[in-house]
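Participant: Sequence:
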Amino acid sequence: KLFILIWTSRTGETKYRNIDTCRGKCSLRSSFYALLEPLSKLIHTGHSPTTWWWEYLTILRRDLQLVGVGYRANIEGKDLVLSLGFSHPVRMTTPGDLQVKVEENTRIVVSGNDRCSIGEFAASIRRWRPPEPYKGKGVRYANEVIRLKEGKAGKKK
1 KLFILIWTSR TGETKYRNID TCRGKCSLRS SFYALLEPLS KLIHTGHSPT
51 TWWWEYLTIL RRDLQLVGVG YRANIEGKDL VLSLGFSHPV RMTTPGDLQV
101 KVEENTRIVV SGNDRCSIGE FAASIRRWRP PEPYKGKGVR YANEVIRLKE
151 GKAGKKK
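First residue of the sequence shown? That's 1 in this note's numbering, and the numbers climb one at a time after it.
None of these hints come from the bench; they were simulated from the model.
Hints may contain errors.
[Unchecked claim] Label pairs and their in silico Cβ distance ranges: (1) L36 - K152: 44 to 54 Å; (2) N113 - T93: 17 to 27 Å; (3) P130 - P95: 13 to 23 Å.
[Unchecked claim] Under the rule of at most 30 Å between Cα atoms (straight-line distance), these lysine-lysine pairs were calculated in the DSSO-like manner: (4) K152 - K101; (5) K78 - K101; (6) K149 - K135; (7) K135 - K152; (8) K78 - K137; (9) K135 - K101; (10) K152 - K137; (11) K137 - K149.
Beta carbons are placed, not taken as given, at the ideal position from N, Cα and C, and that holds for glycine.
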C-alpha cells in the first residue's frame, strides 16, 4: 500500500509527503499525484463540497476530432460507428461505464467517472487512424498539436 500524508499550508497550497519510502512504491507516486491534482485544485478554489465533485466529474472527458475528407462518426445503439476511409465502417462497442457523444459528425466526446477507462477508450479510437505527418488527417485529440512535415521539394533545375 502507498501511504501519503496530505495537508494544506497557510498559503493555501496542498502539500504531499510520502510516508512509505519503499523503493517499489516510488513508481506509483507520480500516478497518484496526477489522479489527485484536479480534485485538490477544485477544493482549494473555493467550491462547496456539493459542487466540486460534480465539476471534477465534468473534467473527466476526452474530446476527439476527425480530420479528413469523408471521416465521419455516429452512434447506433451502444456502438460507435466510424468511417475512416477504410472499405468498411469501424464499429466499436462503448464500455458500460462511459458515455460517448458525437457532435457535428466529426467531434467525439468520451466522458465518464473513471479517468483510466476514458483515456483507454479514447486511445483505442485514435489507434484506428492516427494523424499522419504530412496533411494531419486522422483522429486527433481536440487539444493536440500536430507538427506537419514538408512535402517533397520541387525538382531542382
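Participant: Take the hints in turn and mark each one as holding or not.
Facilitator: Here is what the structure says about each hint:
{"no.": "1", "hint": "L36 - K152: 44 to 54 Å", "result": "49 Å, holds"}
{"no.": "2", "hint": "N113 - T93: 17 to 27 Å", "result": "19 Å, holds"}
{"no.": "3", "hint": "P130 - P95: 13 to 23 Å", "result": "21 Å, holds"}
{"no.": "4", "hint": "K152 - K101", "result": "39 Å, violated"}
{"no.": "5", "hint": "K78 - K101", "result": "11 Å, holds"}
{"no.": "6", "hint": "K149 - K135", "result": "8 Å, holds"}
{"no.": "7", "hint": "K135 - K152", "result": "13 Å, holds"}
{"no.": "8", "hint": "K78 - K137", "result": "26 Å, holds"}
{"no.": "9", "hint": "K135 - K101", "result": "26 Å, holds"}
{"no.": "10", "hint": "K152 - K137", "result": "18 Å, holds"}
{"no.": "11", "hint": "K137 - K149", "result": "13 Å, holds"}
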